[in-house]
Each structure stands twice: as C-alpha cells, then as structure tokens.
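Protein chains: 2
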Amino acid sequence: MKIAIMGSGGIGGYFGAQLAQKTDSDVWFVARGDHLRAIRENGLQIKSDVGGTVVFPAQATDDPKEIGPVDIVVLAVKLYSVNEAVEQCRPLVSEETGVISFQNGIGTEERIDEILGVGHAIGGIAYAPLAIEAPGIIRHTGNLARLTVGEMSGARSERLEAFVSACRKAEIETAMSESITRELWEKFVFLASFSGITCLTRQPIGFTQQEQSAKELFEQALKEAVAVADAEAVKLEDGFVGKTMAFAMGMGASAQSSMLTDLQNGRPLENAWLSGKIVELARKHKICTPAHKAFYAAMKPFETGSD
Amino acid sequence: MKIAIMGSGGIGGYFGAQLAQKTDSDVWFVARGDHLRAIRENGLQIKSDVGGTVVFPAQATDDPKEIGPVDIVVLAVKLYSVNEAVEQCRPLVSEETGVISFQNGIGTEERIDEILGVGHAIGGIAYAPLAIEAPGIIRHTGNLARLTVGEMSGARSERLEAFVSACRKAEIETAMSESITRELWEKFVFLASFSGITCLTRQPIGFTQQEQSAKELFEQALKEAVAVADAEAVKLEDGFVGKTMAFAMGMGASAQSSMLTDLQNGRPLENAWLSGKIVELARKHKICTPAHKAFYAAMKPFETGSD
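In order, the protein sequence lines correspond to chains A and B.
For what it's worth, the UniProt record's numbering labels the leading residue of the first sequence as 1, then goes sequentially.
For what it's worth, the UniProt record's numbering labels the leading residue of the second sequence as 1, then goes sequentially.
Don't read these hints as lab results, they were simulated from the structure.
Treat the hints loosely; a few may be bogus.
Which copy is meant is left open, so a pair is good if it fits within one copy or across any two.
[To be verified] Simulated pairs of lysine-lysine, DSBU-like, Cα-Cα distance not exceeding 30 Å:
| id | residue 1 | residue 2 |
| --- | --- | --- |
| 1 | Lys-215 | Lys-286 |
| 2 | Lys-22 | Lys-78 |
| 3 | Lys-78 | Lys-187 |
| 4 | Lys-215 | Lys-284 |
| 5 | Lys-65 | Lys-78 |
| 6 | Lys-243 | Lys-187 |
Chain A extracted, bound-state conformation (with noise of 0.2 Å):
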C-alpha cells in the first residue's frame, strides 16, 4: 500500500522508517527544512540505546503534490500545525484515502473531516517516547512503541486493515480499537493533566510523586478532566482517576511531558489544545475546572516559545 507520513518527527518518522524498511509499502515522507535536507542526503536515521536503523534513500518531498493520492496518510504533526498540515495533505487524499490522526490532543479528526471531507478521519494513538534528536535523526529512548488505531464509526475497514497488516509485518505492536474516541479521551485527559503539573512545577514527574500538595492537584486536575469528558458525553473506562494515579506514581521520576521539554527548549506549546481545551470545554459546560487553569494560565505566556 502506498502511505504518505505527513510530519515526520518522531512519531512519524519512526513509524514511517519501520514499515519503509520492514514491508513492500510504497512510503513517503513529507518535512521540510534542514530535516528533509539531511534525510534527502543522508536518510533517515533512527536510534536508540539497543542499536538503531537507517532508511537510505528514503523517500522524502516538502511537497505533497509530488507524491500524489496514498492509502493512508499518517498525520503526525503538533497540534498547533494541524490546520496548516491538513491543507496540504489535499493532494495525497483521493475518495478512500484514510487520515489517521497521531496528535496528542482531541479533536482533530473533526478538523480532518472539516477540512478533507466526512469519511477521512481515523482515529490514532501512538504511545513512543520518540523526537527529532538533531536533522534526520529520531531518538527513541527506552523501548516502547505501540498504536492503536481505530475508525470513528468502530466499524472495520479495508483500509484501516490493511494498514494494520502492515504494521504488524513491520513489527510494530499495533491494536485495532472499536471505541477509538473513548481511547483518544483517556490519553488526552491523562496528558492534559501529565503536561499540567509537569510544566506548572517545571519538573519531571517524581517531584509530584513526592509533593503532596503536587498530587492532589493533579488528581484534581484529573477529576476536572474527567467530568468535561463526561459532559462531552465520553465515558471513560470504570475507576479511570484512580488507575491513571496508580500509573502516574508509578511512573520512572525522570519521566516528564514533551510539553515540559519543549518550555526547556523555547518551543511552542500545545497548551491552548491540552489544559485549554479542557477550560473551553468546561466554559461550555459551566463546569468548575482551577485546576487546568491554572496549568493554562501558568504556561499562557510562554506558548508561542521564546523564537
């Protein structure tokens, strides 16, 4: 099957390079700048404490026209470039052409649809501590690297299982979810609160781990995402506050959100479409949520990075 990775930092890229080298799949990689430079010159490079891959040549394009309509698109990009990446994704999109979505907030199938037409948008979640280390090169730190992809009606597709079969010959652990919306919720109301209390005490998750006032909020955070899903009218799994406690405490200390990495770095931020789109949602719903505002209001004016 022919699949376009339209972003291809470190979720892209490396699911991108596994079913390149791995499968008969015609892939393509869409990115721009020094990136798409040293991919083009010296492929693409992945690595990680157990060793490492590269993709050379790979094919590699800052224009979609050149590549034409795929099968499946892999829209891996940050939240704050969604519109933007849509637009351009209209040359890679014919009638059946399924767009599965791997960001981390929600919403974005309703803009993929909006924006391509109904029928495109396949829901995704990709669960990998990956990013671009230096132009060409993806850091995959530790080992995990899992999907879960699921259309938004639950049905099974063609398309879809084709993909699956691809990645799953790609080794690549990858499950097929008949309750995809449910799923992009519980990683977006984890993450939303993850990236919070990270960012808001700029540390990594042990000193939340250690600080109780740190927990509660958190916990509180949680609780406040929780009720705007329900009110959204998603239900999360049964005793989902305490396990995603159970998880977060159990969690290495270092770990931390990308969002924190990027606010080290000077990058922009996800926070309007993580703790914001929670405030909005309760706004809507005239449901009480301090917490996430004070996690928006803390990360507010840092948002557009220090470029």
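Since chain A is already given, all that's left is putting chain B on it; use the hints.
Chain B only, in chain A's frame:
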C-alpha cells in the same frame, strides 16, 4: 525613644533611616554580613528616583546585646527568618517593649508572644516598594511609604502612641488601627493571591490584567482566601473581593510581587507563608482551595532558592 530595627532590609532600613534622621530617637540597626559592613563604613543610603539621603554614622550591629532593652523593636525580616529573628530579640526586650511585626503574612504576632511572652506583639503593615539594591543601599521605587500599626487588642497604648508620633515627626504617613487583625488579613489575602498569580505566570500584573484565564484564577484565589479568613473568624470589609480586583486591575502593568523578584533572582521564597499558609488553614477547615494549591505547588520546587 529607643528603637531597634531588627532586619535592616528595604522596609526596616528605610523607615529606620527616616526616624534616625528626622527625630531625636535613639535608632539602632541590626544587620549582617556585607550589608552591615557597608552601613558601618559608608552609612545607610536611601536612593529613590526623586532623590536620596544618607544616615552616617548609623548605629549598626549584628549583636542585639550591644543595644540592650529598647522601647520599640521594628521586626522587618522575611517570613522564613521570623523565628530566628524573634529569638535574637531577647536582649532588646524589657517588660514594656513592643515588637512591631512588619511581615507579608499572618501569624508572626503569635510567634512573638510565644517566644518573648504575651503582650509584646504589635501588628504592623508597611506599604512601600523598597528593597536592598546593594549592600548599604536601599532603593525606593515610586513614592508610596505608609505604615499602619495597632495593638492586637485594639486598645491604644502609650508605647505605640509614642512610636506613631515619632514616625509622624519623621514625615512617615502612619495610621493607628483599632482593627489591625482585619487589616493584616486583608493585606495577606491580597498578597498571597497577587504573589501567587505573578509567580505562577512569571509575569508582572499586566499579563493578568490582559489574560482572562489568569484574571479568573486571581479572582478565584481571592475568594478562596476570603473563605479561609471567614473560617478563621476574621471578617474582612464588605465587598473586599470586588474592591481588590478593581485595585489589582488598575495597578501599573509592570507591578510585580516581591516573591516574583525573589524567584527571578534565585532567592528563597515566602511561598510556604503565603499560598502555603492558605492551603494549610484550608485543610484544617476542610475548605477547597485549588488556586492556592496550584500557586503553592508551582513555587514549591524553588522555595529554597538556587544558592
């Protein structure tokens, strides 16, 4: 009258200098380290945009025993130094000595009476943007310099009337209050919230004036602190939250809390005595204070400064 200034930083140094220069009071400055050395060598200098003064020689020491009993101790140290400073006051205190506390928080008066014996503590509030600029030099920003003092009982006393009349002779605007506990709490409620929002956002108040999310969080913080005051049986003036919001929204955009200045300079923070105190009292009364919990958690990692 004989006056000891315990802690000759911005507040103590400035008001002590006014008293030393413009009255016949026997004023002693207690200071330490480089600041003490500079005062001994060059006197205590007050600099402001509209001029300045020098008190030279200034009676300065780091050993209260050299001073002996005084009529009034002006206690003007940071909240985290209160216990140590009150202990140091012992040689300054005879049965009649009044110790006027000029701190940002609440509870210092209780500590004074606990350590030195009941009846010494006098409540005090200083409204003045003052700070040590360099050893021996106090910087006054703007021209606000006002004191409010009051016996904790609300009664008039000879010792306090003598002090107030000396202050007025020194051209310091000084009010004597019969409800100092209420006024201390009003300043505390404002300052904990103002310090909280400016430190959380790491921006002067202008940011909060412009940004709705921060403004709402600030108002929420005021309401939480008022609820705590209520629970502590302290009745603030009617319409306190509205008046304080109006005041804060009308401040110069560049105004910021001294805690933010301390944060920016890597100095220890009064966090535990401001939002931390509110969170602590709220827990006792089972009141929900998520805004102050967020303020507190946000500053907790930086509390001890970066020395």
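Comparing the hints with the structure gives:
When the C-alpha separation of Lys-215 and Lys-286 is checked against a cutoff of 30 Å, the pair qualifies both within a copy, at 25 Å, and between copies, at 17 Å. Taking the closest pair of Cα atoms, Lys-22 and Lys-78 come within 30 Å of each other only inside a single copy of the chain (26 Å); across copies the shortest separation is 64 Å, beyond that limit. In this homomeric assembly, Lys-78 and Lys-187 come within 30 Å of each other (Cα to Cα) only inside a single copy, at 15 Å, whereas the closest approach across copies is 44 Å. Both within a single protomer and between protomers do Lys-215 and Lys-284 lie at most 30 Å apart by alpha-carbon distance, with minima of 27 Å and 18 Å respectively.
Proximity of Lys-65 and Lys-78 under a CA criterion of 30 Å is satisfied intra-copy only: 22 Å inside one chain copy versus 65 Å between copies. For the homomeric pair Lys-243 and Lys-187, the shortest alpha-carbon distance inside one copy (13 Å) is at most 30 Å, but the shortest distance between copies (42 Å) is not.
Of the hints listed earlier, there is not a single one the structure fails to meet.
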